[in-house]
Amino acid sequence: MAGKKIIGVGDLAVSKEKGAELVTYSLGSCIGVLIHDTAACVGGMLHLMLPDSNLNQERAHNQPAVFADTGLPMLFKQAYALGAKKGRMRVVVVGGSQVMDAGGHFNIGKRNYAAVRKIFWRNNVLIDKEDVGGNVNRTISLEVGSGRIWMKVNGAEVKTL
Amino acid sequence: MKLVEEILAKVEHLPGMPAIVQQILMTVSDPEFELQKVVNLVRLDQGITADVLRICNSPYYGLQTKISSLEQAIAYMGANQIVEIVLSSKVVGHFRKGQFGYRLAKGELWQHSMATALMAQKLGERLSYPDLPTLFTAALLHDLGKLILSEYVGDKFAEIEVLVRDHGMPFVQAERKVLGLDHAILGAAVARKWNLPEPITHAIAFHHNLEPARKHKGIARIVALANLLVVHLGIGSGAQGLAAPVPAGLLKEMGLKSRDVDRLSLELKDILDNADDLLNMAR
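Just so you know, the sequences run in chain order A and B. Here the numbering used here is used: the first residue of the first sequence is 1, the next is one more, and so on. Here the numbering used here is used: the first residue of the second sequence is 162, the next is one more, and so on.
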């Protein structure tokens, strides 16, 4: 899987190819979770949409990466299968924006972030870096070989995370 | 010339909308229109049948049978959807450039617009909106103003960005403050120039602010919600990011709750996963 692999909305991928780059575009209220184990040269990216699979169990079965509670375990399991170890992994969380809603009905970004934190807390996973919230959209990329992560905000500035 | 006048003058210089679009919209706005009339109109336009057949056979519509004629397409898909495909193929030409002021590459504004149109169509079906092709067209064209305003937003971006980032102002309001008008109002001016029906011009004008939309509030609401769903997934929102306001009472007026927003987001994912042919028409 060398080269660029685009992760769609509600999808995930892991890789141990040195030349691979995992990219996801347009994280709005969705959250991108990036994991990387330098020693094993394993990287993974999840683009989750919604916090809780109770919304639609059938969907969770067919597309586990859509929900935080089904997508995160799958991301980690697939990375372990390639030789990654939990204690060595760098974990980065990006996204969870909101549209400007005084009524709070569009607070999916906040709920996504809360769900991710809760799941990590229960499983003793520490977040090493995050860029979360606000009213922006974010594009992220992970280079599997180097573990370099960059982020673009609203299609403009590029930051290294 | 004042900036507002200069921008409005550009509306006059935009290429016109093909007459067939108005003719089709006018025909189908009558709930008892004759299908044959639409077929006859469509036939006048060379190349359109090819577009219709290509899109009908795309996975989004999930048809088991391969469609090979206009009549067959209408029989299998229904007139409304054929009309929508025809309208799309007639307006896509306007969207084939990048809107770099909004940091949108070629095809991205179309992708945003088509996703909004397909989402609006689903909402319209659920809410039994009586004129789906008009709704679809309004949603497809809701950001029409960005085709013109892109250049000006690019020039004044630093000022707009300060208002949005540092003062928490919605992007559309910042446009108005800095440029004297915003993409919604400008889009409505273009739609009027193209002689599109009033429900469409109103839905375009008020997709960020429903308050003044008295007469055509139903269509404006659906377009507003469809747009917000697409924006909150970050699809083709470019420089605007998620700095779009949710009109007060929008969901309540439509009888929807927070949980419905989650469900609708899943429906939007299905659109994004399956409607490649439509979403990428302008690439």
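Fair warning: there could be bad hints in the mix.
For lysine-lysine, the following DSS-like pairs were computed, each having C-alpha atoms within a straight-line distance of at most 27 Å [unchecked claim]: (1) B:K258 - A:K5; (2) B:K354 - A:K152; (3) A:K118 - B:K418.
For each label pair, taking beta carbons as the anchor points, the in silico distance ranges come out as [as the list claims (entries may be wrong)]: (4) A:E58 - B:R287: 40 to 50 Å; (5) B:F318 - A:G145: 50 to 60 Å; (6) B:V165 - A:G133: 30 to 40 Å.
Hints were generated in silico from the structure; no laboratory data involved. Positions of the beta carbon are idealized from the N, C-alpha and C atoms, including for glycine.
Here's how the hints hold up against the structure:
no.	hint	result
1	B:K258 - A:K5	holds (26 Å)
2	B:K354 - A:K152	violated (37 Å)
3	A:K118 - B:K418	holds (24 Å)
4	A:E58 - B:R287: 40 to 50 Å	violated (19 Å)
5	B:F318 - A:G145: 50 to 60 Å	violated (35 Å)
6	B:V165 - A:G133: 30 to 40 Å	holds (35 Å)
Of the hints listed earlier, those the structure fails to meet are numbers 2, 4, 5, in rising order.
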